[in-house]
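Novice: Sequence:
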Amino acid sequence: MKMNEDYLMREFEGSSLMAGALFNKKAETVELKLEADAQGDGLSIQEMMMRMIVAHKINAAENYLFALKEQISDKDMRLLGEWFYMELEKLSDEALAAADFSKAEMIQGKEELLASLNKAKD
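Just so you know, we're using this note's numbering here: the sequence shown kicks off at 95 and counts up by one.
Some clues are possibly wrong.
As a list, the in silico DSBU-like pairs of lysine-lysine whose alpha-carbon atoms are at most 35 Å apart [to be verified]:
(1) K204 x K169
(2) K169 x K215
(3) K204 x K184
(4) K184 x K151
(5) K163 x K184
(6) K215 x K163
(7) K204 x K215
(8) K197 x K184
(9) K151 x K197
(10) K163 x K204
(11) K184 x K169
(12) K169 x K213
(13) K197 x K215
Keep in mind the hints are simulated off the structure, nothing from the lab. Bear in mind that the values here come from a model prediction, so they are computed numbers and not experimental data.
Sequences are here, hints too, so could you generate the full structure?
Specialist: See the structure below:
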């Protein structure tokens, strides 16, 4: 399992660097800090969610994303949501299936997030 997680992390890191090189810009990130974890390390929300993705806990990561809606600004929520779904789009259908997730769920979640943010604007 550890080897699979390492492989996925390398794939995510490599594809993020490639996207930055192609578009000649660094991806904007949301570096919101969480409470310190058990080891005393403060993790960004993105780091926490990436760990969930790599551990095949995509549903938990998506639930966590939606739970943050009341705790962070709409701007940060939009950036975090865009980052999260962009990371999921990098995964193959097989990788999504291994995490009991699908492209359809990804599309639905992204649409729900954007709709809730647009509704909040009104």
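Novice: Looking at the structure, which of the earlier hints fail to hold?
Specialist: none
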